[in-house]
Amino acid sequence: MAIELTRRTFLTGAGGAVVLSLGYLGWRAAQPGDASIGAATPGGHGSPIPRVAYESYEDIWRAKWRWDSVAKSTHFVNCWYQRGCNWNVYVKDGIVWREEQSGTYEPISPKIPDYNPRGCQKGACYSERMYDGARMRYPLKRAGERGAGKWQRVSWDEALTDIADKLIDAMISAEGPGSVIWDQGTAQTNGGAGFAMLRTSLVLDTPVLDVNTEIGDHRPGFCVTTGKMVHCSSSDDLFHSDLILIWGGNPFYTQIPQAHFITEARYNGARVITIAPDYSASAVHADQWVPVKVATDAALGLSMAHVMIEEGIYNKRYVQEQTDLPLLTRVDNGRLLRGSDVEQGGADDRFHVFDRATGRRVEISQRTLDLGDLDPALEGEFEIDTWNGKLKVRPVFAQLREHLQQYAPEKAVAICGVDPEVIRQLARDLAKARAATCIAQSNFSKYYHGIEMERAQILCFALAGQMGRKGAGYMAFPYLSVDGTDALANLKGQGNPKLQLAALGLKMAPRFIADKLRGHTKEMTIYDLARDEFRHGAFPPSLLWLYHQGGYKELYGSSEKWDPAMKRPLSSFMDEAIEKGWHFKPATRPRIFMEAGGNVLRRFRGYDVMIEKLLPTLDLMVTIDWRMSNTALYSDYVLPAAAWYEKDDITWATPLSPFSQVVTRAAKPIAEAKPDWEIHCLLLKTIQRRAAERGIGTFKDRHGEERRFDVYDQFTFDGRYHEDNVEELLDLILDVSTNVGDVDWKKLKEKGFQRFTALGDNGFMNIGNATDVSEHDTITAGLWHTEKKMPWPTLTRRLQFCIDHPFYEELGERLPVHKDQPNIGGNYPLYMTGGHTRWSIHASWRDDKYMLRLNRGQPVIYMSVEDALARGIEDGDRVRVFNDINSSEMQVKVAAAHRPGQATCYHAWEPFMYPNRKSYSTLTPNPINPVQLAGGYYHLQPMPAVFSPGSTDRATRVEIEKIG
Amino acid sequence: MNPLDQAARIGREIDGKVVKPRRQLAMVFDLNKCIGCHTCSIACKTQWTREEGMEEMYWAVVNTAPGKGTPKDYETMGGGFEANGLARPSRIPGREEYGDAWQFNQKEVLFDGGGKEAYLQPTNFKGEKPKWGPNWDEDEGGGEYPNSHFFYLPRLCNHCTHPACLEACPRGAIYKREQDGIVLIDDQKCKGYRFCMEACPYKRIYYNHVKLVSQKCIFCFPRIDQGVAPACARQCPGRMRFVGYLDDENGPIHKLVHKWKVALPLHEEFGTDPNVFYVPPLSPPSVTETGKPDPSKPRIPTEYLERLFGPRVRESLAIIDEEKAKKARGEESELMDILIVYRWPEDIFPDFTKDPATL
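From first to last, the protein sequence lines are chains Z and W. Residues in the first sequence are numbered from 1 upward in steps of one, following the working numbering. Residues in the second sequence are numbered from 965 upward in steps of one, following the working numbering.
Heads up, some of the hints might be wrong.
Just a sample of chain Z residues kept apart from chain W, beta carbon distances all over 10 Å, derived [stated by the list, open to error]: (1) G133; (2) V154; (3) E381; (4) R401; (5) L499; (6) S572; (7) I578; (8) E706; (9) K747.
Cβ-to-Cβ under 7 Å is the rule here; a few derived chain W residues that face chain Z [what the hints assert, rightly or not]: (10) K981; (11) V983; (12) P1086; (13) M1300.
Bear in mind the hints are in silico, worked out from the structure with no lab data behind them. Virtual Cβ for every residue (Gly too), placed ideally from N, Cα, C.
Please model the complete structure; the sequences and the hints are all you need to start from.
Structure below.
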């Protein structure tokens, strides 16, 4: 402990002074005209004070390029696909002056381009952003109408005391702690110390919204097919590809730091094909651009699948081994033939193939994908004996082949607008590629029928055998993080966390052993545990919460109004799903909404409903943020958080950039801002103090158990990790992590990053990548499945295309299908599409002047030349975008690159940038697709982040008219 | 002309010959790797142009091409030299043509109780709503859907071998460094006459409205002097800005410009002999309404590319195509290996590999 303190004191105290004095000496020793470097100290804390004599004009410029200290950092924000860039932050006079990418990632192999210099224009100006006019400097209390921007500056003590009292009131009320809802925003949570919010909610027993499906990042089609969401290779794995499909993403906007791997793979001989309705920034560097009609990608994919099957160019061994396509289905009802169909009392999760080698039905292993000598039939119809008589069966493949006839290229062109010849060529290219990658992002996730678009894509990649090989794969949800955080976030007790973890490990061991004995993979057990935990209701999926408790039933539940395939209302599906225990119904009326760095009043589709319906019923709304977001603007209190260069933490990461990265306290928090770890400590300290002062000893948790109000003691692990020693906590996180080697906080802080060494043994997200991580090679997702023959975590233990769930059957989606995009929003001629923007990460830079000055300085909608002309609209006009739901005013950009019939609003404009505070997001009813309520079917069960209904705002119908 | 010392002669045409520096630094921008992210613009902004009077300056900027550029329609403004060596008439672009640095009513909306009617809006220096900006026509492009086309064209001062700005300055405030050919405006000598802005055919010089002097890209010479690559180049995540000496036969610049002849100057006809070169953009072929490609019809009209990069652009694109095909066949290609940049920074700016944090 003493040694730790000495180290910190040196770094934060003496270090700066030493540098300054050396710099000063260097300057004094200057020789006229000599511009060579003066002082430098080891370890990157030097200041390149040029020996400036001011004799020439050039010296004036030299003197501008100077600083006092350098710290490693990055941006503690959810850049997701493109997150994880190591920056040097240059500090001058106690203020961050500028940042520049470190460019110090080591090459893994001479034949693979390295990761330098990861970064983007947004990160490159955070030094400006963190001090601009949106920055939170003091705790503020609302002093006027919500949203009016009228504030009273209050002290931390005043704010925390009032908030603590109201939290205590709610917790001891009849509604209990379940009435306090947290939103885990991406700017202040996750990562290392960012788990503070999760730990706060754990000790208070207050629910935290599970935001992933509501955001629409849950990759539902990938999930129903593979049983998981997380699955992604490293960006440099693209260099092994000879075919790259950019299909369902716009990486040249949203993967800026690693886009070079695409252009460099292209120079390395890979063919790049971009499939998108508009000639996007990601089409510019393609070898072929395939214009597809909006929301018809499922038809295109299924047509490609049809071609691969009919031409016999699919990868037969991959299909037999890795997919459910050889599994037998009943001819009478189309369902998978289960053990219970074959033998009386047989298992419902045992499946069969028809072995061509022996000419017999064989139950297929659930423990391995290794087929041994089996040669499962893909075609044909067979008669088998069962306990219940003879039964006609055929493989899923045969059923699929018949089903896909409707998507023959000559028919599909009428749906997706892509030439039959092009469809055939795409299918052949994919089938014959040495290694093909699909750069898909979470775009299709956000379509009403996006589930089918993703299923169709994966079907193509599975038929072509393009998954789980170097340079081959489908990019699903990228996640790979320091796993110590996951472990610590779940510790309920207040004792020594390391002892607790050890005890937890011992407690879990029998479960893993028992599961292994019954043939479950570790991955499956981890998901099972996550599902069990999820049932306790600590993480209500936000769409379900909004539907049941937030006033959104009418809007989000309006599905049958738009979806012609529904024979009963959404509420009927919802009731059934709840009645059967597939989903739970958040039942407690919310009294307090705590926003920790997220931005629900920008993010919730139709956020205006929350303002109208929910906010007036709340006792309190608090936002913790470093900037005044739209959510902050409507809150009762706003607590100023430290900016990303003002705190120490470890960020969460992805395999795309497979490095654990730090943010560090390059400069002190401005004014009264505090790191969020400290804010949570102080909040809990205040709750504990106020409860004691008010003579309140206990509260009843959501399960009726009495809990003591010594919440600060619990939170801090009995005083071990508190507001003043966050660096010790970060050391602990690294200590208990199993996937970043033996790095400690001091080493990590100095280097800024550390490459992952494994997926790790803790946490439930990393394991989905199902691969080993080696020091000198790219990371390729799924090798455990293809090389180790590890079963997929689905009902059939295979990539599963036949989902014989009653909801899927009722909605005609047992096999992947194309369904027309419903007229969501009304019968209007234009599809309003979206996508993440080049110019911001969510709303974090949306009102940043440096970024705004490089576009139009205001929200815009892109439209085609043809559509603009037909409406007498010119580039730069103010327009009204409207439909049955609402209307929103913005400026128009008329682009030759845009597809007629499509109008695009890129992501995350803040509502306070629009007249009447009505953003494009008010236009979407965001109807829940009932198919996403399916549950009770091994892998179709909710767990954190997946298998609950998602948002559906893409391709909402609108019309656009000129204003004035 | 007054007698000039040797240093002041560099870059001037004297006795029918342009006096050259000892060495010339140059950049090559690979347009097949530019993703239009503007990290260069911002890197430059935070490095040099944050001071009062410099708000609207983007010494480095990225244009969507085809497009009007920065400043608006600069290509039609004249400047530079005629083929016979005489100055081409031009004019000084206005502040609105460059695109102003708008101000925003952030305080009113967020903190000062502007009320729910208040919303964030940009205002230009005249207090009006902006009608143009430095990147106003981003991603709009040309052609007719589905044969729309565009690409990104990063631009900065070309540090020309025969800078029109230098010749035009009546104060002798502009000079070209002997050791590396970097063109600088000494703003202690500059009186803000702006003849340089008129003379520069690329219109890459800005006017500082506070200091009343002309300012432009300085090729990050304080960094260069320390062995550090310019901010725009070192911070480019697309890894498309090569930096080096034109005469270094082992360096990527010489190889791309002189050996492989794939990097071409922008608007060579402007007559200033620029030292920024571009690897021209490939593009996916034209398609029918249903997306059927026609490889014989390039998406970006070749005439357009010729207008920008001259007649050699066809040849350059053919070489890139051919070398790319070699790689696809599994053969070696020195050109592709150079453009790939396996090792950063050694392969992209070999003489300027220092990390500034270690200085």
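Hint check:
1. G133: violated (4 Å)
2. V154: holds (14 Å)
3. E381: holds (37 Å)
4. R401: Check passes; 25 Å lies beyond 10 Å.
5. L499: holds (40 Å)
6. S572: Fine: 38 Å to the nearest Cβ keeps Z:S572 off the interface.
7. I578: About 37 Å separates Z:I578 from the closest Cβ of chain W, which puts it past 10 Å; holds.
8. E706: holds (43 Å)
9. K747: holds (17 Å)
10. K981: Check failed: Cβ of W:K981 comes no nearer than 27 Å to chain Z, outside 7 Å.
11. V983: Violated: closest Cβ of chain Z sits about 20 Å from W:V983, beyond 7 Å.
12. P1086: Result: holds, 3 Å to nearest chain Z Cβ.
13. M1300: Nearest chain Z Cβ about 5 Å off; hint holds.
When each numbered hint is compared with the structure, violations occur for hints 1, 10 and 11.
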